[in-house]
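J.: These protein sequence lines map, in sequence, to chains A and B.
Using my numbering, the first residue of the first sequence is number 557, and each one after it goes up by one.
Using my numbering, the first residue of the second sequence is number 6, and each one after it goes up by one.
Worth flagging that the hints you see were computed from the coordinates, not collected in a lab.
Hints may be right or wrong, so weigh each one.
Straight line, CA to CA, 25 Å or less: simulated BS3-like cross-link-like pairs of lysine-lysine [what the hints assert, rightly or not]:
1. Lys62(B) x Lys763(A)
2. Lys773(A) x Lys607(A)
3. Lys177(B) x Lys763(A)
4. Lys181(B) x Lys700(A)
5. Lys702(A) x Lys773(A)
6. Lys62(B) x Lys155(B)
7. Lys206(B) x Lys763(A)
8. Lys702(A) x Lys181(B)
9. Lys214(B) x Lys763(A)
10. Lys183(B) x Lys155(B)
11. Lys174(B) x Lys163(B)
12. Lys181(B) x Lys763(A)
13. Lys163(B) x Lys177(B)
14. Lys702(A) x Lys177(B)
15. Lys179(B) x Lys163(B)
16. Lys763(A) x Lys702(A)
17. Lys607(A) x Lys206(B)
18. Lys155(B) x Lys702(A)
19. Lys775(A) x Lys206(B)
20. Lys700(A) x Lys773(A)
21. Lys185(B) x Lys773(A)
22. Lys185(B) x Lys174(B)
23. Lys214(B) x Lys183(B)
24. Lys185(B) x Lys155(B)
25. Lys775(A) x Lys763(A)
26. Lys181(B) x Lys163(B)
27. Lys183(B) x Lys607(A)
28. Lys775(A) x Lys185(B)
29. Lys775(A) x Lys700(A)
30. Lys183(B) x Lys702(A)
31. Lys700(A) x Lys185(B)
32. Lys181(B) x Lys206(B)
33. Lys174(B) x Lys773(A)
This one's a predicted model, so the numbers in the text were calculated from it and none came from an experiment.
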Amino acid sequence: MKYSNALLGLILLILISVLVWMDPIDQSPLFISLLFVGLMVIPLLLRFERKQLGSKELVLLALLTAFAAVSRVPFAGIPSVQPTTFVIIVAAFIFGAESGFIIGAGAALVSNIFLGQGPWTPWQMVSWGLVGLSAGLLRQPLLKWKWIRLLFGFIWGFLFGWIMNAWVFLSMEEQTLTSFLAVYAASFYFDLAHALSNVFFLALFAKTWIRILERFKQKYGISNVA
Amino acid sequence: MSSGFRALHPFVIFIYYSGAILLLLFMFHPAFIVVAMIVMCAVNVLYDGGRQLWRWKKMILITSLLFVGINIFTSQRGSHLLWQVGDHRITLEATLYGMMMAGTIFLVLALFVSYQQVLTMDQFFYLFARITPQWALLSALAIRFVPLMKLRLEEIQKVQHLQHRGSLKSWKLKIKEKMKRLEVLMTWSLEGGLQTAESMKARGYGTVKRRTAYTLYRWRISDFLYFVFLSVLFTLCIWGWIHGLGRLEIYPVMENGALSMYEWIVLGGYLTYLSFPIYVEIGADA
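The following block holds chain A by itself, in its conformation from the complex (with noise of 0.2 Å):
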């Protein structure tokens, strides 16, 4: 295991080096927002390399991220609803913050090989990596209340958006005050209608899906992930 952890020192290092040297982001900003988000999401994806998991677990995982990806298909003609938010927020809730970031960010990865991958892979993976991450650990005390459930969907639902956002601003050639609310404000009924959306399908589905998912935790002994 030492090899892994030099490993995610150097990629690291590499990262950080190569931001600091480009210092002015203008120079290439698409290149940079990737950069960014490649720190984010390769220390949590050597994490959960270096445990060893059982066949169960691994299917379990690859399962539910290619479900999250494929719940947006019945959905496909209305923008920015889609269940697989709900999805990845039941399955957190269910098997662990970790395992909900893997889900997450991987369900952005498999869903775009078929819709598109592009600039915006690296972001929805953090969005929807962190609504895993942030739902499994939030479900011990907080989301077993419905009332915070549907609040937590909300939020969500916007803050998915914003950090979408955050990569067309970055692509714009001026950041000002105006184009960061410009970029923010065209989105605003699309990230409201995500936000509903997600409260809609809680309100109405969450306690269904958990019994369900808790049934098969039960039935295979399939161990918390993390």
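Assemble chain B onto chain A, guided by the hints.
T.: What follows is chain B alone, placed relative to chain A:
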């Protein structure tokens, strides 16, 4: 047996794509972007006649319009005035910047479309199963599950249509039906998948520390030469980029777009690097 670019060692193919994405993100000059767009379209045409890429036309159009639009409306900087609406100035600089950004995003998308056609799952697995075995297996499984789940979704939908004959009226019932479809899909897939996992375990998953890949790829002399060739071109482009070549300074004063002699050389290297699959493919046919 495939030949040409796809028959090269997976590592060379992977290096080509990683280098290409860096170059596409770095080079920010209209001439470079236009050249790259032609080459990337050609690379896509080479493999499936550009059919996959054509599927993205709507999304590319919307993203491009969004980028150009936002830039024009938020930025008034620049000295080359194109149009004046009220007291809002539409400048050449802002328009150009938006178009270049839209072009770069198109390039990244096109590169990934071609990547997905060229690098097979076997090759991906061969490359990553040694460094990050769990991630490699996880992503291989997840990617494989997606088409399976889509098929199942259609099957469930057919059954649902039989149950209520015809379409549902209210939107609430529609959403409920869709969520029911997903719920059925989830229980179905989890049940099957977890049983497969148990049988995986029974057949010895996790007992061996390191496993070899299913397909064997030979590292040939030609692969080494290709690797060196790509590295030299990449270094040339990065050297140029560090010296400010292949980047158009727009602000504060737009520099002359004409290419200097050195810039032509870097452009040549860039063109040669990106069109690597094309001449490897042509060379294999000849």
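J.: All hints are to be evaluated individually against the structure, with a verdict given for each.
T.: Verification of the supplied hints:
1. Lys62(B) x Lys763(A): 40 Å, violated
2. Lys773(A) x Lys607(A): Within the cut-off at roughly 19 Å; holds.
3. Lys177(B) x Lys763(A): 18 Å, holds
4. Lys181(B) x Lys700(A): 23 Å, holds
5. Lys702(A) x Lys773(A): 22 Å, holds
6. Lys62(B) x Lys155(B): 23 Å, holds
7. Lys206(B) x Lys763(A): 32 Å, violated
8. Lys702(A) x Lys181(B): With Cα atoms ~20 Å apart, Lys702(A) and Lys181(B) stay inside 25 Å; holds.
9. Lys214(B) x Lys763(A): Measuring from Cα to Cα gives roughly 40 Å; hence the hint is violated.
10. Lys183(B) x Lys155(B): 13 Å, holds
11. Lys174(B) x Lys163(B): 17 Å, holds
12. Lys181(B) x Lys763(A): Since the Cα atoms of Lys181(B) and Lys763(A) sit roughly 14 Å apart, the hinted pair holds (cutoff 25 Å).
13. Lys163(B) x Lys177(B): Status holds; Cα separation ~20 Å.
14. Lys702(A) x Lys177(B): Answer holds: Lys702(A) to Lys177(B) is near 21 Å, not above 25 Å.
15. Lys179(B) x Lys163(B): Within the cut-off at roughly 14 Å; holds.
16. Lys763(A) x Lys702(A): 9 Å, holds
17. Lys607(A) x Lys206(B): 17 Å, holds
18. Lys155(B) x Lys702(A): 31 Å, violated
19. Lys775(A) x Lys206(B): Answer holds: Lys775(A) to Lys206(B) is near 16 Å, not above 25 Å.
20. Lys700(A) x Lys773(A): 18 Å, holds
21. Lys185(B) x Lys773(A): 21 Å, holds
22. Lys185(B) x Lys174(B): This hinted pair holds, its Cα atoms lying about 16 Å apart.
23. Lys214(B) x Lys183(B): Given pair Lys214(B), Lys183(B) is violated - Cα atoms ~43 Å apart, limit 25 Å.
24. Lys185(B) x Lys155(B): With a Cα-Cα distance of about 15 Å, the restraint between Lys185(B) and Lys155(B) holds, given a limit of 25 Å.
25. Lys775(A) x Lys763(A): Distance of about 18 Å is within 25 Å: holds.
26. Lys181(B) x Lys163(B): 16 Å, holds
27. Lys183(B) x Lys607(A): 36 Å, violated
28. Lys775(A) x Lys185(B): 22 Å, holds
29. Lys775(A) x Lys700(A): The hint holds at about 22 Å.
30. Lys183(B) x Lys702(A): 23 Å, holds
31. Lys700(A) x Lys185(B): Status holds; Cα separation ~23 Å.
32. Lys181(B) x Lys206(B): Roughly 37 Å separates the two Cα atoms, so the pair is violated.
33. Lys174(B) x Lys773(A): Violated: Lys174(B) and Lys773(A) sit about 37 Å apart, past 25 Å.
When each numbered hint is compared with the structure, violations occur for hints 1, 7, 9, 18, 23, 27, 32 and 33.
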